[in-house]
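Novice: Quick note, the sequences are listed as chains A and B, same order. Under the working numbering, the first residue of the first sequence is numbered 4, with each subsequent residue one higher. Under the working numbering, the first residue of the second sequence is numbered 49, with each subsequent residue one higher.
Worth double-checking, as some hints may not be accurate.
What follows is a list of derived Cβ distance ranges for each label pair [unchecked claim]:
1. B:GLU232 - A:ALA91: 38 to 46 Å
2. B:ILE111 - A:PRO108: 31 to 39 Å
3. B:ARG127 - A:ALA84: 38 to 46 Å
4. A:LEU42 - B:GLY75: 18 to 26 Å
5. B:SER176 - A:LEU137: 47 to 55 Å
Here are a few chain A residues that sit away from chain B, every Cβ distance over 10 Å (derived from the structure) [said to hold, decoys possible]:
6. ALA7
7. ALA11
8. HIS80
9. ALA91
10. ALA100
Okay, the calculated bits of chain A under chain B, using three or more residues with CB under 8 Å as the criterion [stated by the list, open to error]:
11. 15-27
12. 58-66
Treat the hints as calculated values from the structure; they're not laboratory data. Model, not experiment: these values are computed from the prediction. Beta carbons: idealized from backbone N, C-alpha and C, even for Gly.
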Amino acid sequence: MEMADWFAEVSGRLEQTSFGEAVRATPHLYPLLESLHILGIAMLVGSALAVDLRLLGIGRGVLPVTTVARYLLPLSHIGFAVVAVTGAAMFTAIAQAVVASAAAPWKFGLVALAGLNIAVFHAGVYRSVRAWDLDVRTPVRAQAAALVSALSWMAAIVAGRFLAY
Amino acid sequence: MRDACNGLNNRGHHVLASRRRALLVGGGLAAAPLLALLTPSRAMAHHGWGTFDTRHAYFVAGIVTNVRWGNPHSEVALRVQRTDLPANWTQRELPPGGNERNFRLTMASARSYVGEHQELHLVLAGPSWMQRWGLNRRLEVGESIEAVGYLDADGGRDLRPVMFWLADGQGIWQQLTAFPQQPEPVQTPAR
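So here's chain B without its partners, still in its complex pose (with noise of 0.2 Å):
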């Protein structure tokens, strides 16, 4: 009876050792894969804007030369044809659902692009966004879009608007998730 219960005490002893065992090495290597989160990365390309120069906003309008839409983001490349900021810039209005602070930063932040690229890339919202932000087409080939918002900070092929207009005046909103540097006016003596 006493061993009997001696080896009830062991076992649950070796039990309990095993599980409290079992939460450290499971914990530890658990750990591991977070120490790859700790370094920086460039990878975060599309869904954030980490990769983004959050700091100079460029506007560029021209004809869209190549679509692939749909989840989980639509990309478009876009040939430049004009950079100069339109002359109602500072009438422009907020598009529906965009976010007003972010909107005045942007706009207040924005310049010609001067990049040496003649076509960019730009990476753009899903359709669902599309549509809540009141786009229910694709945008064609062959179509003109004006566009404004930031550059990828690794060579600047990829432009990832902030907001971008249709050739009827329609302005489309695409920001969700924060910039990582606030946006400078374009006046700032600093630079």
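For reference, chain A alone in the conformation it holds in the complex (with noise of 0.2 Å):
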């Protein structure tokens, strides 16, 4: 209850700042950021779900699982700062809201577990990739990342969206 308390008076102190007006009273400027968050977005969530499908197996006797990393993954990294730096921006525009909805953990929760996986992912099975790299069935545990990858992405966008609302 305190913590409650705690969020409500640093967010409502965050919105009230000259940064968090700015956000909301510039013409303009917020559905810019609302546009810039969704091609974050479809950067991140897009080349992720690429390299999702591949270790399922889609285009296995064709794309190499190194390749697909290599072009992809950075632009997923590119995908995920522009997400952050817009999300932060809009934020302390609307803290409180945020703060009081009851898809942020949800949201914030889902983001985490997907960031939580990928670092699994690489310090583990992803170490031995050129074992599997082409032509060859992926790893159960790869798999399993890429399920949890795909679904936490999406379900993010969908308490994302809930959080908006």
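Combine both chains into one complex, guided by the hints.
Specialist: Printed below as a string of structure tokens:
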């Protein structure tokens, strides 16, 4: 309960800062941030899903996993940076509503889950990628990581939409 | 030569099958989050009327005690001072840009606010819509406004005005998307 009060207090102060005020009041800025946020999501989730599909076996005979990862993961990192910056800017404008929203723990929890999944994947099964780079069935652990990745990113988008409404 | 052709055919088959699989798996994955949308939710508090009980409209008048103006929508705290319908209620005209039918329905459904909250949280349109509906400035703390609208179904502290009036009588429309339930006229004996 005290924790919730603290969040309400801090978020209230955050949205009263001149930065929060500028995000709300500058003509066209908010819709522009929303647009960039969507573009960032497209880059992040689009490339993540493409990698996930490859790990699930799509294009196994023609696309080496390492090639897919090398070309798409940097794109997803740029996407994440765009999403984080635009998201943080919009958050300052409406912090209290976000903190009070039941969708917020879902959204940030799902993004955290997706991040944790990435860390586990790269520190774990991905180290042996040379053995299943091309024309070979991907290990079950890699497929599981792909499934967790795809589902958590997509669910994060859904939670994000509920957060905005 | 024949081997080469077979090889090509096999490869073609492989790619086709792979594409079909990509469509199936990708489509299946993409459909998963849609399931979440099938469950009704109360999260749509701001843009839509989904979380508001639009069967009964309530009138409040009071003093603005807090303003958070701007995108994506403005929010105002209103200290409730008066809840009786003004004497000229039936003569009030449709605010500029308003919807005639929803205006009539809401005016006919309007009743005194009887909830326990002394301060209501008003969810208002963003600045660009405010401008289209005739308000080119912010609401200020300390000014008096009247509002008629619908309460959130979950506690009733949020009031979403269909329209509100400034102290000088200027009416400002607020409704854009459809009501989930038809407002009921105040005289309905069923209530």
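Novice: Measuring from beta carbon to beta carbon, are SER176 (chain B) and LEU137 (chain A) in 47 to 55 Å?
Specialist: holds, 53 Å
Novice: Does the claim that ALA100 (chain A) lies off the interface hold, with its Cβ farther than 10 Å from every Cβ of chain B?
Specialist: violated, 8 Å
Novice: Could you check the hint for me, namely that ILE111 (chain B) and PRO108 (chain A) are 31 to 39 Å apart, CB to CB?
Specialist: Holds: the Cβ-Cβ distance is about 35 Å, inside 31 to 39 Å.
Novice: Quick check: the stretch 15-27 of chain A, covered by chain B? Criterion 3+ residues, Cβ under 8 Å.
Specialist: holds (count 4)
Novice: For the stretch 58-66 of chain A, does the count of residues with a C-beta closer than 8 Å to a C-beta of chain B reach 3?
Specialist: holds (count 7)
Novice: Once the closest CB in chain B is found, is it more than 10 Å from ALA7 (chain A)?
Specialist: holds, 15 Å
Novice: Beyond 10 Å from every chain B Cβ: check whether that's true for ALA91 (chain A).
Specialist: holds, 16 Å
Novice: Any Cβ of chain B at or closer than 10 Å to ALA11 (chain A), or is the non-interface label fine?
Specialist: About 13 Å separates ALA11 (chain A) from the closest Cβ of chain B, which puts it past 10 Å; holds.
Novice: When you look at the beta carbon of HIS80 (chain A), is every beta carbon of chain B farther off than 10 Å?
Specialist: holds, 22 Å
Novice: Lying within 38 to 46 Å: is that true of the beta-carbon distance ARG127 (chain B) to ALA84 (chain A)?
Specialist: holds, 44 Å
Novice: Verify the CB-CB distance for GLU232 (chain B) and ALA91 (chain A) against the hinted window 38 to 46 Å.
Specialist: Cβ of GLU232 (chain B) to Cβ of ALA91 (chain A): about 44 Å, so the range 38 to 46 Å holds.
Novice: Is the distance from the Cβ of LEU42 (chain A) to the Cβ of GLY75 (chain B) consistent with 18 to 26 Å?
Specialist: holds, 23 Å
Consistency with the previously given hints fails for number 10 only.
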